[in-house]
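Build the full structure now, drawing on both the sequences and the hints.
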Amino acid sequence: MSGPLLEVKDLRVEFPTRRGTLVAVDGASLAIAPGEILGVVGESGAGKSLTGMAIIGLLEPPGRIAAGEIRLAGERIDGLPYEQMRRIRGRRIGAIFQDPLTSLNPLFTVGEQLTETILAHLEVTPAAARTRALALLAEVGIPAPQARIDHYPHQFSGGMRQRVVVALALCAEPRLIIADEPTTALDVSIQAQIIALLRRLAREHGTAVMLITHDMGVIAETADRVAVMYAGRIAEIGPVREVIHAPRHPYTAGLMGSIPKVGRGAGKKRGRLVQIEGAMPRLNAIPPGCAFNPRCPQRFARCAAERPELIAVGTTAAACWLYADGP
Amino acid sequence: MLAFILRRLAQAALVMLTVGLIAFSLFRFVGDPVLFMLGQEATPEDRTRLTLLLGLDQPFYVQYAGFVARAVQGEFGISLRQVRPVSGMILERLPATLELALVAAVLALVAGIVMGVYTALRRNSWFSQALLALSLIGVSLPTFLIGILLILVFAVLLGWLPSFGRGETVDLGWWSTGFLTASGLKALILPSITLGLFQMTLIQRLVRTEMLEVLRTDYIKFARARGLSDRAVHFRHALKNTLVPVITITGLQLGAIIAFAIITETVFQWPGMGLLFIQSVQFADIPVMAAYLCLIALFFVVINLVVDLLYYAVDPRLRIDRAAAAH
Ligand SMILES: Nc1ncnc2c1ncn2[C@@H]1O[C@H](COP(=O)(O)OP(=O)(O)O)[C@@H](O)[C@H]1O
Ligand code: SF4
Ligand SMILES: [Mg+2]
Numbered sequence: 000m001s002g003p004l005l006e007v008k009d010l011r012v013e014f015p016t017r018r019g020t021l022v023a024v025d026g027a028s029l030a031i032a033p034g035e036i037l038g039v040v041g042e043s044g045a046g047k048s049l050t051g052m053a054i055i056g057l058l059e060p061p062g063r064i065a066a067g068e069i070r071l072a073g074e075r076i077d078g079l080p081y082e083q084m085r086r087i088r089g090r091r092i093g094a095i096f097q098d099p100l101t102s103l104n105p106l107f108t109v110g111e112q113l114t115e116t117i118l119a120h121l122e123v124t125p126a127a128a129r130t131r132a133l134a135l136l137a138e139v140g141i142p143a144p145q146a147r148i149d150h151y152p153h154q155f156s157g158g159m160r161q162r163v164v165v166a167l168a169l170c171a172e173p174r175l176i177i178a179d180e181p182t183t184a185l186d187v188s189i190q191a192q193i194i195a196l197l198r199r200l201a202r203e204h205g206t207a208v209m210l211i212t213h214d215m216g217v218i219a220e221t222a223d224r225v226a227v228m229y230a231g232r233i234a235e236i237g238p239v240r241e242v243i244h245a246p247r248h249p250y251t252a253g254l255m256g257s258i259p260k261v262g263r264g265a266g267k268k269r270g271r272l273v274q275i276e277g278a279m280p281r282l283n284a285i286p287p288g289c290a291f292n293p294r295c296p297q298r299f300a301r302c303a304a305e306r307p308e309l310i311a312v313g314t315t316a317a318a319c320w321l322y323a324d325g326p
Numbered sequence: 000m001l002a003f004i005l006r007r008l009a010q011a012a013l014v015m016l017t018v019g020l021i022a023f024s025l026f027r028f029v030g031d032p033v034l035f036m037l038g039q040e041a042t043p044e045d046r047t048r049l050t051l052l053l054g055l056d057q058p059f060y061v062q063y064a065g066f067v068a069r070a071v072q073g074e075f076g077i078s079l080r081q082v083r084p085v086s087g088m089i090l091e092r093l094p095a096t097l098e099l100a101l102v103a104a105v106l107a108l109v110a111g112i113v114m115g116v117y118t119a120l121r122r123n124s125w126f127s128q129a130l131l132a133l134s135l136i137g138v139s140l141p142t143f144l145i146g147i148l149l150i151l152v153f154a155v156l157l158g159w160l161p162s163f164g165r166g167e168t169v170d171l172g173w174w175s176t177g178f179l180t181a182s183g184l185k186a187l188i189l190p191s192i193t194l195g196l197f198q199m200t201l202i203q204r205l206v207r208t209e210m211l212e213v214l215r216t217d218y219i220k221f222a223r224a225r226g227l228s229d230r231a232v233h234f235r236h237a238l239k240n241t242l243v244p245v246i247t248i249t250g251l252q253l254g255a256i257i258a259f260a261i262i263t264e265t266v267f268q269w270p271g272m273g274l275l276f277i278q279s280v281q282f283a284d285i286p287v288m289a290a291y292l293c294l295i296a297l298f299f300v301v302i303n304l305v306v307d308l309l310y311y312a313v314d315p316r317l318r319i320d321r322a323a324a325a326h
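Chains A and B supply the protein sequences, listed in that same order.
Counting along the first sequence from 1, when you hit position 112 you're at 111 in numbering that gives the first Met the number 0, and nothing is skipped either side.
Counting along the second sequence from 1, when you hit position 302 you're at 301 in numbering that gives the first Met the number 0, and nothing is skipped either side.
Please note that the accuracy of each hint is not assured.
As the list claims (entries may be wrong) - Far from chain B, by Cβ distances over 10 angstroms, these chain A residues were calculated:
1) Leu-57
2) Ala-66
3) Arg-75
4) Arg-88
5) Glu-115
6) His-120
7) Ala-126
8) Arg-129
9) Arg-174
10) Gly-205
11) Asp-214
12) Pro-238
13) Thr-314
To be verified - Short derived list, chain A residues pointing at chain B, Cβ under 10 angstroms:
14) Ile-92
15) Asn-104
16) Leu-106
17) Ala-119
18) Val-164
To be verified - The calculated label-pair distances, taken between Cβ atoms and stated as ranges, are:
19) A/Gly-277 with B/Asn-123: 38 to 48 angstroms
20) B/Phe-143 with A/Val-123: 52 to 62 angstroms
21) A/Pro-286 with B/Arg-316: 42 to 52 angstroms
22) A/Pro-286 with B/Leu-309: 55 to 65 angstroms
23) B/Asp-229 with A/Gly-2: 30 to 40 angstroms
24) A/Glu-59 with B/Ala-12: 49 to 59 angstroms
25) B/Val-109 with A/Pro-80: 26 to 36 angstroms
26) B/Asn-123 with A/Gly-2: 33 to 43 angstroms
27) A/Gln-145 with B/Arg-316: 14 to 24 angstroms
Everything labelled a hint here was simulated from the structure, so no lab data went into it.
Computed from a prediction, not measured in an experiment: that's the story for all the values here.
Cβ atoms here follow ideal geometry from the backbone N, Cα and C, with glycine treated the same way.
The following block contains the structure:
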């Protein structure tokens with residue numbers, strides 16, 4: 000199979016409120032191939048988590064998918080009935096959330112939580128589930144699983160708990176894992192271990208990973224490709240090297256702390272570092288045209304009038320009028 | 000664990016000593032027992048003799064120590080009204096009150112939890128709203144009014160259930176039970192509803208609030224993301240976490256049910272300890288009042304102890320684990 004494992008097209012996530020509809024994710028499109036790690040990066044509030052939650056069908060009402068398609072191995076999975084979606088969650092898409100301290104139920108042992116997940120998806124006996132649970136704990140690097148399996152979450156350190164969370168996501172060998180800020184709450188040294196674990200999964204098992212983070216450093220180290228989100232939209236998407244070393248979108252460039260090398264001022268490579276002035280707009284005050292235009296050092300007339308779609312630039316694509324050919 | 004129990008036992012003993020002191024003080028504040036027993040016409044010699052006989056010439060703390068020593072053996076002296084040992088009178092009334100309290104508590108707990116869970120899971124259904132409105136009435140109406148209304152409807156107007164008494168009872172040794180006869184069971188219905196209604200609505204509201212709180216937690220989101228069924232998420236993960244705080248409240252309420260049985264027993268002329276207490280108040284029958292006070296306090300203390308232990312059993316975080324501290 001050569002097509003993407005996950006394909007999101009023009010995803011729109013809305014929150015109907017009394018004072019009008021908030022659009023939290025607006026026309027996001029991305030794809031992940033088997034074994035690939037796609038980084039999703041952006042400031043807090045950019046819509047990264049909601050994109051992930053929309054994919055696993057766990058948007059909290061009144062949040063809803065208002066438009067777009069989500070395909071897993073070619074099949075549409077948005078709008079599936081609850082029970083069908085439940086069987087995809089955990090079985091075909093695993094999830095890892097930010098805070099390992101709160102992701103595990105404190106009143107159940109890690110063994111109980113692992114076996115219940117295995118039994119929810121696989122036709123195995125409880126004894127076989129326990130054997131598999133032990134193997135998973137070993138796989139994610141928990142020392143002495145035999146001794147640890149009957150411990151409660153509070154008996155593990157933060158890093159070890161996040162490994163347990165990863166093991167839980169792996170229970171039914173999903174082909175895709177959505178990891179939402181899996182290292183943000185962890186110490187730097189432990190971050191590296193969790194990142195290494197995710198990379199090993201992708202390499203050895205061909206698991207695709209959607210790695211959500213606001214840490215460009217984590218992306219640079221881990222991801223194959225990266226999507227940059229801004230105000231619910233994808234500003235730029237492409238191979239991680241390209242995006243980091245030759246950012247096309249002025250927002251990405253700002254994130255990297257450098258000025259883009261192409262566009263209106265092409266050729267005139269400026270060495271000055273810029274801080275992006277201002278803050279990302281609130282959902283109820285997203286400016287017309289390009290959402291970034293009030294902060295963009297390179298905006299021009301068209302930016303405030305028309306909204307840019309992703310435009311292919313070499314191996315990447317950027318939603319920026321700088322790359323439009325002609326008016 | 001042992002230290003924990005010992006500490007709680009010491010606290011319990013302290014509480015009992017304090018309550019004992021209050022009960023003991025009753026004797027002294029209500030009047031001179033010698034005068035009370037001998038009447039106005041007694042000679043000073045008679046009075047002195049009786050004072051010495053009763054040990055009333057001793058210092059306060061010696062008399063108190065004597066009271067405690069006798070109370071521990073279940074001796075509270077002779078009822079002034081019935082001229083028989085108080086312990087026997089209390090023991091005779093104990094089964095009626097405990098059976099009523101037990102039925103009321105079970106009713107409150109089961110109905111309260113079921114309704115609490117229902118109103119939390121079906122937050123927006125009209126039936127939930129109706130239950131909530133009803134529970135508001137349950138909390139605000141005084142117990143005696145509820146009792147009288149129930150009697151009016153089910154005993155007077157419909158004639159389905161008896162309006163007073165325990166019905167027929169069967170003696171099992173010294174314990175007389177109403178559980179074994181049809182009339183005994185019928186007689187339990189109205190009083191137990193009256194007695195348990197307040198606690199039921201309290202538990203319902205508590206369970207609902209806690210459950211809603213728990214349903215918002217990360218571990219519940221993660222449990223859904225693992226693809227567990229709704230049933231497992233709601234009734235295994237959410238309910239168990241909900242019940243931790245509910246245990247405490249319910250335990251304390253059980254004590255309150257026994258104590259508040261006074262009102263219900265009066266309304267329904269239920270031959271329990273509460274009715275005995277009310278009657279002894281009218282006659283200033285101090286020994287009975289003192290004994291009742293101590294017994295109710297003992298119930299509270301024992302229940303508290305059991306609740307603490309239960310809490311400890313349900314929540315693994317409270318179990319001190321040295322192995323965990325090392326990791
Ligand atoms: N229940 C909600 N109601 C209204 N707005 C919401 C709700 N949940 C999230 N949002 C908004 O959606 C936006 C995107 O959120 P999120 O996807 O969590 O961002 P992040 O990129 O930090 O993960 C934020 O601006 C947030 O305020
Ligand atoms: S479209 Fe205009 S405002 Fe938006 S990023 Fe490009 S240049 Fe800046
Ligand atoms: Mg987020």
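Checklist entry - Holds or violated: is the Cβ of A/Leu-57 farther than 10 angstroms from all Cβ atoms of chain B? => result violated (6 angstroms)
Checklist entry - Does the no-contact call for A/Glu-115 survive, Cβ to all of chain B over 10 angstroms? => result violated (7 angstroms)
Checklist entry - Taking the CB of A/Glu-59 and the CB of B/Ala-12, does the distance hold inside 49 to 59 angstroms? => result holds (50 angstroms)
Checklist entry - Does the no-contact call for A/Arg-129 survive, Cβ to all of chain B over 10 angstroms? => result holds (17 angstroms)
Checklist entry - Close enough to count: is the Cβ of A/Asn-104 nearer than 10 angstroms to one in chain B? => result holds (4 angstroms)
Checklist entry - When you look at the beta carbon of A/Arg-88, is every beta carbon of chain B farther off than 10 angstroms? => result violated (4 angstroms)
Checklist entry - Okay, A/Gln-145 versus B/Arg-316 on CB: inside 14 to 24 angstroms? => result Check passed, 23 angstroms falls within 14 to 24 angstroms.
Item to check | Outcome of range test on Cβ distance (B/Phe-143, A/Val-123; 52 to 62 angstroms) | outcome: Taking Cβ atoms as reference, B/Phe-143 and A/Val-123 lie about 59 angstroms apart, which means the hint holds.
Checklist entry - When you take the CB atoms of A/Gly-277 and B/Asn-123, is the distance between them in 38 to 48 angstroms? => result Given a distance of about 40 angstroms, which is inside 38 to 48 angstroms, the answer is holds.
Next on the checklist: If I take the minimum Cβ distance from A/Gly-205 to any residue of chain B, is it greater than 10 angstroms?
Outcome noted: holds (21 angstroms)
Checklist entry - Closest CB-CB distance from A/His-120 to chain B, is it above 10 angstroms? => result With a cut-off of 10 angstroms, A/His-120 comes too close to chain B, as the shortest Cβ separation is near 6 angstroms.
Item to check | Restraint outcome when A/Val-164 is required to lie within 10 angstroms of chain B by C-beta distance | outcome: holds (7 angstroms)
Of the numbered hints listed earlier, those contradicted by the structure are 1, 4, 5 and 6.
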